[in-house]
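K.L.:
Residues per chain, in single letters:
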Amino acid sequence: MPQPAPYGREVRIRIGGPAGFGIKAAGQTLARVFARAGYHTFDLTEYPSLIKGGHNTYHLRVSEDEIFSHVMPTDILVALDAPTIALHLGELTSGGAIVFDPHDVAADAIELAGRDDICLVPVPLTDIVYEVGGIKIMRNVVALGAVLGHLEFPLDGLVDSLRHQFAHKAPEIAEQNVAAATRGHVEAANAHCDFPFRLAPRGSVEPFVLADGNEAVGVGALAAGLGFYAAYPMTPASSLLSFMAKHADASSVVVKHTEDEIAAMNMVVGAAFGGTRAMCATSGGGFSLMVEALGFAGVSESAVVVGLFTRPGPATGLPTWTEQSDLRFAIHAAQGEFPRVVLAPGDQTDAFELGWKAFNLADQLQTPVIVLGDTYLSDNRQTQPAFDTAAVTIDRGQLQTTGEVEEYARYRVTDSGVSPRVVPGVVGAQQIVNSYEHDEHGWGAPGEERANRIAQSEKRARKFELAKTLVPKPVEFGPHEAAVSVILFGTTKMPTLEAAKWLAAEGVTVNVLQLVTVWPFPADAVHEFLERSKRSIVIEQNATGQLEGLIREHTLREVGHRLNRTDGRPISPEQVYAFVHDILGRHVELTAAGAIATSEGGR
Amino acid sequence: MPAVKEFVTPLKPTWCPGCGNFGMWEALKRALSELDWQKNEFSVVWGIGCHGNGADFLDVQGMHALHGRAVPPATALRLTRPDLKVIVEMGDGDGYGIGLGHFVHALRRNPDLTIIAHDNQIYGLTTGQASPTTEHLMPTVSTPTGVLEQPVNPIGLALAQDATFVARGFAGDIPHLTELYKQALTHKGLAIVDVMQPCVTWNHLNTFQWFRERVYKLEESGWDTSDRAAAFNLSMTTFHDLTCTPEQCKIPIGVFYKREGVPTYEDRVAASAEPGFKRAEQPRDVSAILAGLG
Ligand SMILES: Cc1ncc(C[n+]2csc(CCOP(=O)(O)OP(=O)(O)O)c2C)c(N)n1
Ligand code: SF4
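For the record, the sequence lines run as chains A and B.
With the first sequence counted from 1, adding 957 to any position gets you our numbering.
With the second sequence counted from 1, adding 3 to any position gets you our numbering.
Mixed in with the good hints there might be a few duds.
Taking lysine-lysine pairs in the DSBU-like style, the calculated list, with each CA pair at most 35 Å apart, reads [what the hints assert, rightly or not]: (1) K1416(A) / K88(B); (2) K8(B) / K1416(A); (3) K1416(A) / K220(B); (4) K1425(A) / K281(B); (5) K8(B) / K88(B); (6) K42(B) / K281(B); (7) K281(B) / K1416(A); (8) K1416(A) / K15(B); (9) K88(B) / K1203(A); (10) K185(B) / K220(B); (11) K191(B) / K1430(A); (12) K1126(A) / K981(A); (13) K281(B) / K1203(A); (14) K1203(A) / K191(B).
Hints are computed from structural coordinates only; laboratory data are not their basis.
Just need the whole structure built from these sequences, with the hints factored in.
P.N.:
Printed below as a string of structure tokens:
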């Protein structure tokens, strides 16, 4: 059984320590250094819901090859405190290294842990920080230098990065950081570890983006001409609010941190009424508060975009971990019935694309469009080919923003179900956009008449049929015929594609159907895919098999196997790999360091 | 100048005969007409309640929003459409009950909005339950032994939060109310007009007669509208109890307080200077942002 990637082409680095030690920031600096040197990177940040203390880790995968997800093993463990070693020793690959401060943990303590295949890189992190005149938080920078030193990787990329990062501070701050990194680099080289991995800068670098999912959605929304963004902070959606706030002035977007999610969603409806492209985003708890106004958007036929970045629930759940358990909620939330679109990006490139397409769909259909992500997407960064901004188009559907209209009726009954939309301010655009059922003008009392109710609800329903022709289609990966066929939505795409790559290398063919749009449910495509699959698996991160149930409901077909996970950790490629072997009748033993042993038969 | 009748839809108002909402409706139409507001220059956003049914009767470009939620969409409309004036119509249950948070936060922000509260001190549309402004100890269908809470003091709340235009009106005095509306509508910043709106069906205490015996006009008493502390003290005098006689509780109507020249929320948000829909006329150039992510 191979390791997830051949040694020498890939290195996995884990930085661990208490929250407040700048672990993620340091890791991201390192990721940028490698990305700029021509490597593919993927990072996974794991942290409990604590600001200071607790155990945080940042796991960075650096590879010469295209990669799709995180993996389990670690080659270099940077331990900013002693518990990190105990917690992650098991993940270290044979020949791996531990960068640690001998003041925190004695070298023989590590030896006592029973691994004699590990190389120790003691670096007096704290001493060095004080030697260069810095402050304690800079220990992480020394460690970064040490990681590069250990890999015999040149320091200049990191130096550039640090100078850039601290450009807005006093000049001595940047230089202290540079000195700290340099000292770390030298110390690691002195450790004389016989380390099997060597990375060197790779020359020419293709244009790339190193973004997390929220940034990718945000860039997509901005490209689409977003004019109003409202949110109340909730992990993992909060960083999108910060992103928007950061770019608000330069992009001329009104960004509002509202009093609650109820206000955010209602504001978005108000902005959309004025003709502005408007978005809000939250996690499941906040979405619960938005639900009534989502119904308002539905009945009022408002073109709004809602980001729903889920975490494990119910209620406040596991704030900083990941799950896909709000799929049914996204599809069904709100009173009554109205058409909606739910898009589920599987990675950052999808997130950018769906981020801008969501606005066109909302305008074309005049109904809410939900972008359904999760923590695994929101929080993690991945190098992606430069986003295709040239492909961005604006389609505002039937929208009139200037001039005059005659005999305008906001909710004119049409064959497509979409009524021409005229914003307030246009002469003659007398209209009430109503949360009540209404007649063609939007007046509520006549909406109670039976004929009006039927006409309006059928009109809205027709938009759902139109939606089916407009939404992004499922995407298929892998060969047309395969030994194993996977159906999934959202971020399980990433570990599944990674595992499929490993399996392909062993001659096991896997094809994957990614439901980019989960609502309207692409029943025909799923049915056709199931028809031609030999063994089918549905992979999703929830307990009840929400996607599996939708498949059954909409195709009247069973899926053969299910892989679910509910511990808040993302499904790993090793897990998918082992599962596929398992259903093929081989047993794969998984350890923390990844898949290590297979045996024929004996399911 | 648009005639009053131009603001009327073909639908006949469904309010109970004699309801205070008629007077408010009439005063608003007159104010809009007298101020020469063209129908494409402004929007009205209603909450849900008997007051909100007015959305069917005023011929404007507006929104009939959710119960308690008129203020947020109106704020966003104002921020993204600086070319439009925006009016909010809300009920007391609507705006001071379920929507109280939005009201307070709107006061904090001072957007250029006019909020008209139909304060009938009862839930009309849901048939007579106690509202946040129902008199202390008054029995209602949801409080048969009387409301135990103190009423919300909208005027005091607005003043405490440093609102820039705070007024009280009475639906039974249409000319006076029209003048108040005109001042509120032309005020730059958040204007709140809390209107005593008798509900003739469910509130048998705070009737037209009850108010007529008690109201007096601030401007006739030579009131100084620039004295916030005095205005706040005055707002406290109207926490009257069930048994008070006309002599014991006089109810001031008119402008309690106003201050000009305070920057509005949108004055401080550079992006709200032009209509938001213009941003989506063509794809936005995001190359600078992407460069930061490279
Ligand atoms: C979320 C929600 N809860 C409850 C209602 C039911 N409801 C409709 S109007 C109303 C109260 C009306 O009272 P008020 O706001 O004072 O307006 P009025 O009818 O007196 O004008 C309520 C509770 C609703 N529409 N929405
Ligand atoms: S119930 Fe009261 S507030 Fe409602 S319409 Fe009748 S009188 Fe007016």
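K.L.:
Take the hints in turn and mark each one as holding or not.
P.N.:
Do the hints match the structure? See the list:
Between the alpha carbons of K1416(A) and K88(B) the distance comes to roughly 32 Å, so the proposed pair stays at or under 35 Å and holds. At most 35 Å may separate the alpha-carbon atoms for a hinted pair to count; K8(B) and K1416(A) meet this at roughly 32 Å. Restraint check: the Cα-Cα separation between K1416(A) and K220(B) comes to about 52 Å, which exceeds 35 Å; the hinted pair is violated. Distance restraint check for K1425(A) and K281(B): the Cα-Cα separation of roughly 29 Å lies within the 35 Å cut-off, and the hinted pair is therefore satisfied.
Of the pairs offered as hints, the one joining K8(B) and K88(B) holds, with about 20 Å between alpha carbons and a cut-off of 35 Å not exceeded. Distance hint between K42(B) and K281(B) is fulfilled; the C-alpha atoms sit about 21 Å from each other, no more than 35 Å. Straight-line distance between C-alpha atoms of K281(B) and K1416(A) comes to about 29 Å, which keeps the hinted pair within the 35 Å bound. With a CA separation close to 26 Å, the supplied pair K1416(A) and K15(B) stays within the 35 Å bound.
For the proposed pair K88(B) and K1203(A), the alpha carbon gap of about 29 Å is at most 35 Å, so the pair holds. With a C-alpha separation of about 16 Å, the suggested pair K185(B) and K220(B) falls inside the 35 Å cut-off, and the hint holds. For the proposed pair K191(B) and K1430(A), the alpha carbon gap of about 50 Å is over 35 Å, so the pair is violated. For a cut-off of 35 Å, the pair hint linking K1126(A) to K981(A) stands: about 20 Å separates their Cα positions.
Taking the CA atoms of K281(B) and K1203(A), the gap is near 21 Å; set against the 35 Å cutoff, the hint holds. For a cut-off of 35 Å, the pair hint linking K1203(A) to K191(B) stands: about 29 Å separates their Cα positions.
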